[in-house]
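Put the complex together from the two separate chains, hints included.
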Amino acid sequence: MATFTRDAAVRLILVRLARLGQELGKPVLAQADEQTRLFGEASPLDSIGLVTLMADLEDDIHQAAGVWVTIADEKAMSRLTSPFRRVGLLADHIVELVATAQT
Amino acid sequence: MPVAIITGSSRGLGRALAESLLADGWTVHGFARSPQTLAHPHFQAHAVDVGQESSVQAAVTTVLAAGRIDLLINNAGAASMNALLLTPAATAEALMRVNYLGTLHCLQAVGKVMVRQRAGLVVNLTTVVVPLSLAGEAAYVASKAAVEALTKVAAAELQSQGVRVNAVGLGPVDTDLTRAVGADKLHTLNRRIGRPQGTTLAEAVAFIAQEWRTPSLATGSIRYLGELT
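Listed in order, the protein sequences are those of chains L and D.
The first sequence: position 93 = 93 (the working numbering), numbered continuously.
The second sequence: position 76 = 76 (the working numbering), numbered continuously.
Bear in mind the hints are in silico, worked out from the structure with no lab data behind them.
One should not assume that every hint holds.
Looking from chain L toward chain D, a few residues come up when the C-beta cut is under 8 Å (computed) [to be verified]:
(1) I48
(2) V51
(3) A55
(4) D56
(5) E58
(6) Q63
(7) W68
(8) E74
In this text, a Cβ means the ideal position worked out from N, Cα and C, and glycines have one as well.
Just chain D, with the same shape it has in the complex (with noise of 0.2 Å):
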């Protein structure tokens, strides 16, 4: 049975990619700050906060009493949005180390691990605001460009060991946290991305889920939901 690892998996789109993963027949270690509540025989929650480097060490070391590790999936992240001048440095340093630090770190683990194996399949996840260069959320769009950056080079390191490092890149998806976010907002990010109607879990789901299910994709390789222009 393959092994996960999946950042994020509290809630929203982390929680749907761990239950898609056991429906295939993955066992799934789930890293989350928050407490998880998803009960299934092959899935084991970690408290982990992906942000401290130590953190992730102790839980991948678990993890790895138990075999190997298969795929890796960083969807822990987070988003706010200010206008560049008014983003306090704490907030953009948050981002950073969540969405790029946190990253960097499980990747680091567990890529250590897949080259040991000589195999393994690294997704990071990232936004259509990058290529789109948002107004309105510099700091976030820079964390996420940053992680960018890093799926290229892991992806061109790794490869000759056989580790594939891929990103994938969404635009809002229905989950409580756009919820929050003003509807008119959505509506011209939705519209500009090509998908005026939004993007629901399910969809976000069956798009990453071709990472593990499509294992000819190319290494490197940053794919988008929508069209971007």
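Here chain L stands alone, though its shape is the one from the complex (with noise of 0.2 Å):
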């Protein structure tokens, strides 16, 4: 199986979020980057944005890795420095969920 990348993996949820934002009317999210805030009043998401992106990333990340995984899983929420607090904490989280599901 092939590696699932980090840059596949920011490619996945900026297309996301653009997509998003589109749907929500918020077209500040089509340019989203690395430094975008996924939660927080910095955020253009609300807290129901954040758990539908979580939803169709996850649909997204089984069409382009061949697994599926839970983003919000119990250690992504135990941990320190939240996954989902920039789109690039995220992207991290994400292909070591991948890397996981994968083995």
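This is the structure we're talking about:
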């Protein structure tokens, strides 16, 4: 099975954010980058938007990497630095999840 | 062809609901711990313990491989009649695991799929004994009250993504399960909900089926069969 790279994870997140931006009427999401905040006051997403992003991404990951992962798993929720804070951190988390699921 | 998952589908109300959905042209996936004997080209049985998150997750992944999920009916449940001060902790825990956690596990796994689809309907089974605060069923009432609370919160959270979550509450339905309960107890409860004649399986199914046959029903609603005063 091919390695699922960090670049691939970032791309998935940014594409999904852009689509979500269209759906939610928040075009600013199309300009997201690795530093974009995914929750909190500085984020363009509300809590439901973040949940929707996670659900959509799990499907995208399945399409791209052939494995189902749960992005908001207990390990992620208990980390000191939340993987959901920024796009880049989420990409790191996804790469880790996919690698674990593929082994 | 729309796709439904129904839990507790091996017998009684769950099986009757599965048959009703099949008659309405649905593809039905039945989740149950016990062996399932329903034979129909559009019915698929899955061995699932709803109290175990991993068991639910694996089964939902299997269902999803064939496409989408339009309807989830959280029917699996357990009941126990005990006076509050005599209810063993293990009984209370078991009821909470099946009734509340079972519903939660299925709602989480399927809810995520429905959010992706931006559409779906979840129907949770509750009971009239919640609004009646029926004495002698503290643990059961509490576990179903938790299901009702979960229903309202889930409806509020998922509404913007096109997912409706409702609950329906029944009194005693004429099944093997209730036939083991004393007739006088059943009669008293049936009278309290304005249904002295009781509720047949067909009546219960028809009441629940309004959920998928009437898409205009509001989300977050809890409907009871009977007159609660």
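Hint check:
Annotation: interface hint on I48(L) holds; nearest CB of chain D at approximately 6 Å, less than 8 Å. Given the 8 Å rule on beta carbons, the hint for V51(L) holds: about 7 Å separates it from the nearest Cβ of chain D. A distance limit of 8 Å between C-beta atoms decides the matter here; for A55(L) the minimum to chain D is near 4 Å, and the interface restraint holds. The criterion of a C-beta within 8 Å of any C-beta in chain D is met by D56(L), whose closest approach is roughly 6 Å, and the hint holds.
Hint status for E58(L): holds, given a least beta-carbon distance of 7 Å to chain D, under 8 Å. Checking Q63(L) against chain D by beta carbon gives a least distance of about 11 Å; that is not within 8 Å, so the hint is violated. About 6 Å separates the beta-carbon of W68(L) from the nearest beta-carbon of chain D, less than 8 Å, and the hint is met. Evaluation of the E74(L) hint against chain D yields a violated restraint, the C-beta minimum of about 11 Å exceeding 8 Å.
Taken one by one, the earlier hints fail for this structure at numbers 6, 8, listed in ascending order.
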